Amino acid sequence: MLRRYFPSLGVILAIVAILLCLPHFYSNQSFLFNMMLYLALAEGLNIIYGFTGYLPFGYVGFFGAGAYGAAIAITLLHISPFFGVIIGGIAAVLIGIILIPLLRLSGAYFAIANLAASQALYFVVANPSLEKITQGPYGIDLSSVYNADASYYTMLGVLVFAMLLVAYMRNSNFGLSLLAIKEDQVTASLAGVNVVKARSIAWMLSAFVAGLSGAAFGWYTAVFYPSTVFSLDVSVFTIVFVLFGGIGTVAGPLVGTLILYSMYNFIGISTPQYFQLFYGLLIIVLVLFLPDGVASILQKGKVYVP
Amino acid sequence: MCPNGKHLLKVEGLVKKFGGFRALNGVNIDVREGQIVGLAGPNGSGKTTLINVISGVYRPDGGSVEFDGRSVYKLPSHKIVRMGINRTFQVPKPLAGLTVWENVKLGAVYGSREGNRRETVRQALEIVQLHNMKDSVSADLTFAQQKLLGLATALATKPKMLLVDEIAAGLSHQELLWIAEMLLRIQKTGVAMIVVEHHLGFIDTLTSDVVVMNAGANLFRGSIQEAAQNDEVVEVFLGR
Ligand SMILES: Nc1ncnc2c1ncn2[C@@H]1O[C@H](COP(=O)(O)OP(=O)(O)O)[C@@H](O)[C@H]1O
Ligand SMILES: [Mg+2]
Chain A
1 MLRRYFPSLG VILAIVAILL CLPHFYSNQS FLFNMMLYLA LAEGLNIIYG FTGYLPFGYV
61 GFFGAGAYGA AIAITLLHIS PFFGVIIGGI AAVLIGIILI PLLRLSGAYF AIANLAASQA
121 LYFVVANPSL EKITQGPYGI DLSSVYNADA SYYTMLGVLV FAMLLVAYMR NSNFGLSLLA
181 IKEDQVTASL AGVNVVKARS IAWMLSAFVA GLSGAAFGWY TAVFYPSTVF SLDVSVFTIV
241 FVLFGGIGTV AGPLVGTLIL YSMYNFIGIS TPQYFQLFYG LLIIVLVLFL PDGVASILQK
301 GKVYVP
Chain B
1 MCPNGKHLLK VEGLVKKFGG FRALNGVNID VREGQIVGLA GPNGSGKTTL INVISGVYRP
61 DGGSVEFDGR SVYKLPSHKI VRMGINRTFQ VPKPLAGLTV WENVKLGAVY GSREGNRRET
121 VRQALEIVQL HNMKDSVSAD LTFAQQKLLG LATALATKPK MLLVDEIAAG LSHQELLWIA
181 EMLLRIQKTG VAMIVVEHHL GFIDTLTSDV VVMNAGANLF RGSIQEAAQN DEVVEVFLGR
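First to last, the sequence lines map onto chains A and B.
The letter at position 18 of the first sequence is residue 18 when you use this note's numbering, and the numbering goes up by one with no holes.
The letter at position 48 of the second sequence is residue 48 when you use this note's numbering, and the numbering goes up by one with no holes.
No wet-lab data here; the hints were simulated from the structure.
All values reported here derive from a predicted model rather than from experimental measurement.
Note that beta-carbon positions come from the ideal geometry of N, C-alpha and C, so glycine has one too.
Some clues are possibly wrong.
[Said to hold, decoys possible] In silico PhoX-like pairs for lysine-lysine, Cα to Cα no more than 25 Å straight-line:
{"#": "1", "chain 1": "B", "residue 1": "K74", "chain 2": "B", "residue 2": "K10"}
{"#": "2", "chain 1": "B", "residue 1": "K74", "chain 2": "A", "residue 2": "K197"}
{"#": "3", "chain 1": "B", "residue 1": "K134", "chain 2": "A", "residue 2": "K302"}
{"#": "4", "chain 1": "B", "residue 1": "K160", "chain 2": "B", "residue 2": "K188"}
{"#": "5", "chain 1": "B", "residue 1": "K93", "chain 2": "A", "residue 2": "K300"}
{"#": "6", "chain 1": "B", "residue 1": "K93", "chain 2": "A", "residue 2": "K197"}
{"#": "7", "chain 1": "B", "residue 1": "K17", "chain 2": "B", "residue 2": "K74"}
{"#": "8", "chain 1": "B", "residue 1": "K74", "chain 2": "A", "residue 2": "K182"}
{"#": "9", "chain 1": "B", "residue 1": "K79", "chain 2": "B", "residue 2": "K10"}
{"#": "10", "chain 1": "B", "residue 1": "K79", "chain 2": "A", "residue 2": "K182"}
{"#": "11", "chain 1": "B", "residue 1": "K93", "chain 2": "B", "residue 2": "K74"}
{"#": "12", "chain 1": "B", "residue 1": "K134", "chain 2": "A", "residue 2": "K300"}
{"#": "13", "chain 1": "B", "residue 1": "K17", "chain 2": "B", "residue 2": "K93"}
{"#": "14", "chain 1": "B", "residue 1": "K160", "chain 2": "B", "residue 2": "K79"}
{"#": "15", "chain 1": "A", "residue 1": "K182", "chain 2": "A", "residue 2": "K302"}
{"#": "16", "chain 1": "B", "residue 1": "K188", "chain 2": "B", "residue 2": "K10"}
{"#": "17", "chain 1": "B", "residue 1": "K17", "chain 2": "B", "residue 2": "K79"}
{"#": "18", "chain 1": "B", "residue 1": "K93", "chain 2": "B", "residue 2": "K134"}
{"#": "19", "chain 1": "A", "residue 1": "K182", "chain 2": "A", "residue 2": "K300"}
{"#": "20", "chain 1": "B", "residue 1": "K10", "chain 2": "B", "residue 2": "K160"}
{"#": "21", "chain 1": "B", "residue 1": "K134", "chain 2": "A", "residue 2": "K182"}
{"#": "22", "chain 1": "A", "residue 1": "K182", "chain 2": "B", "residue 2": "K93"}
{"#": "23", "chain 1": "B", "residue 1": "K93", "chain 2": "B", "residue 2": "K79"}
{"#": "24", "chain 1": "A", "residue 1": "K197", "chain 2": "A", "residue 2": "K182"}
{"#": "25", "chain 1": "B", "residue 1": "K160", "chain 2": "B", "residue 2": "K6"}
{"#": "26", "chain 1": "B", "residue 1": "K160", "chain 2": "B", "residue 2": "K93"}
{"#": "27", "chain 1": "A", "residue 1": "K197", "chain 2": "B", "residue 2": "K79"}
{"#": "28", "chain 1": "B", "residue 1": "K6", "chain 2": "B", "residue 2": "K79"}
{"#": "29", "chain 1": "B", "residue 1": "K188", "chain 2": "B", "residue 2": "K6"}
{"#": "30", "chain 1": "B", "residue 1": "K160", "chain 2": "B", "residue 2": "K74"}
[To be verified] Chain B residues, not near chain A, derived (Cβ > 12 Å throughout):
{"#": "31", "residue": "E12"}
{"#": "32", "residue": "G69"}
{"#": "33", "residue": "Q145"}
{"#": "34", "residue": "A217"}
{"#": "35", "residue": "E235"}
One chain only, chain B, in its complex shape (with noise of 0.2 Å):
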């Protein structure tokens, strides 16, 4: 934890139906500068769907959501990344027709509008180990690459801010080592994260700051410690 960063991420109390089904019912989480927070919770918590809400691919519907002193709450998703957000996708979803360069170049002209843009996309490229397929089409990445991909794709919109979906799940234990790696040195570049990971293990890599969720709401805030011995939390992820 860093007690005295100053708040940028602060949602309260955000709601989202799919139907009369609430996916999420008040959640409330927030990220200091620079932060990395984990997200845990079991499958269907509602850990995607927050993502997903937060980002702007789905329209909240209650709650709020500010982000760097403004509200962010019901903008589309390009106004959003342009004000610092940014996220990566659980499943990725690739611009499959295009290069690899061409999908993080886009990122860097239409989501960052400063800076050099070659240069911007070399160093996303670099940090997440791709750019020797940069003229590769995107549909011949591996699945594992693809992620690594849409996480270039973010970074080059020069995000405050990270949601970072499961980018761990079907990695060996090497793989894990170092995308935790990576993470911490983009985290040293000043970027907050929000990772949401179904394994508290490798959220502790990262952050002794953990969030639990379960049924769309939250059930726990505190180091990973505590949260091995707080007897609900236990309950939801054995409980299964």
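Just chain A, same shape as in the assembly (with noise of 0.2 Å):
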């Protein structure tokens, strides 16, 4: 039983013992820190991507809800920064619960009123009528908490979480319900399986995965706007590695956001409009020549992708 999970957990330790060394011998920790801010979201999005097909164009909205939920736990509660990641993650879960309903839309629909969505909360955390609890546009200052290193081995904890989360998935009984409610709805449930129970559940951990890495980010940064965490490049980001590295594997969207987030790192920051073309040239072609991703070249040759 435990033995198919081997491969996702040899994965999981690689990425894990490169994140423990790299920092010796590579000193840029805030760019460390963003690609596994990045292969955290990559594999939340991959939960609910992945697993049952919706493409929630407002990922970005729980990555918000994380970063404020912690935030207000924080300056207003006077909750430590840890529990305060931890209840950033609950505020995400919470907006999942409201949105549940969206799952009733498709395709299309569903990705542009989830995209709505994710705006609707940006106005309302924005808003100054709200100063007194989200600062409204005047952004957030954690500043008093502020601590680099500990932020850090969280949000490693953090993407630990969800590739465990992910590794649960591809090779439990839960995961194969959700693909084969993705292949045909109605098989599924005559085989006994709750559609809309595990659904809403691979929603809520998508959710929950997106909150605590937006309120990692928020601790991480210390000042934030909500234009900074609601910011529509982190849902289109996600997107485009996933897209990029392939769905439904624990490796797939790691390899997505580590070659592509490199890449933007070392040529995109500099030239950021060259970047955002090349972005989406690589849209167009991945869903044109490549839909499921580099992985899927590797399955197609009977590969096994952890």
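These two chains come separately, so use the hints to put the complex back together.
Encoded structure:
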């Protein structure tokens, strides 16, 4: 039973080993933090998109909800940052629960409705009349609890959690039931699968990962604005990384993120306009020629991708 | 017929509308424990719709469906399945990207929740003789094999009642005999069935109790011999 988890766990251990060693050789901690952040977001998106087929363009909404949920817990309720991060995750799950009815929509309708929901949340958070709670457009200042190392390792913990979740889904009956629903809802429910429940659980787990990630990001960054943590770039980057790497596996989203986020960091930051063009073209090429990502090349050759 | 068995399924006055059209217009059917009832009728008479409504795939618009003394009317499919009803599809709907084993395993894990799952899957695949293909991707199966896979998945949920929709259509005489024998073997394990079949000949090998539908309503219930001598039945079968 446990043996089938070994390949996935091997991948996770390798990533953790690299992320624990790298800071000793490579001093750009902020790059490493953002890399972990996108690795976690990619796995979080993989949970909902890879296993159910719902593509949430408003995924950043959970990220922002997590960042603000944590920040409010830390500043107003004086909760320690570490537990604040968990509260951020829970805040995102609550938003996810409110949005469960969106799962009744299909395809593009779902994607657009979810995008609209994330923008609505953005406007609520940025509303000056909520200044006492969210600081409105003036942003959050967590510099009193700033701790680069603690938030770095918290992010690593979030990433490990996200990878373990996907490993579970990749190898468990629950994951299989989601893939079944994705293929044919009627057949899945006649096998006894509770379609609405399984899908909602995947949705909330995906929201939880994004919320934890947003919260850890907020803590690490210390000062941020609604436009930072509700930026559509977060959704777009995550989606492109996942599409590029491939869905439904632990390794696919990791590979996509490692390659593309590195490229973005070394080429893209200096010439962002070219990079956006490159991303746009990449999405088109992927959708047309490689809809299942890089990992699918191996899978077509009957290579097992953990 | 098995007159002393108690009622397992009792359908009364069942209505299903598509827009203004009544595909089921007050259908009655009852099945006793372990009994096989044949269901015949011309194309479009509502046989598949009846199965879809009983199994929760379509929501009914009136009437009642009682199973094992409890109402399953308007319940979602997964609940109906866990209570002991399952079905096969006239046009098979396997989970094409999953293997044969995975398809059946889902039924064992989510549909029955009892017994040794691995053993349940193995037995179901052996009954339909697909065990040697257990690692094949379902999309690679033939049409007939996909129907059998659907039957195996249904069996893995340990049903007390199976709704079998035209499983014999398009098969050779040899295959027909094999399927009939298999259904009878399944019946012997205590599974009741409604077997939908266009041709009375196949039903005749399974049971003497047949219901004939026409235009979404009951036309006849009795033995096959009586059916063959019933003017109305003869007319709907030959009048098309
Ligand atoms: N999903 C549907 N939408 C609209 N009409 C349907 C649908 N399913 C079945 N029907 C109609 O209901 C009637 C009964 O169909 P069906 O139950 O498939 O008949 P049978 O299985 O006896 O051949 C037909 O007239 C068919 O066109
Ligand atoms: Mg039919």
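What hints, given by number in increasing order, does this structure fail?
none
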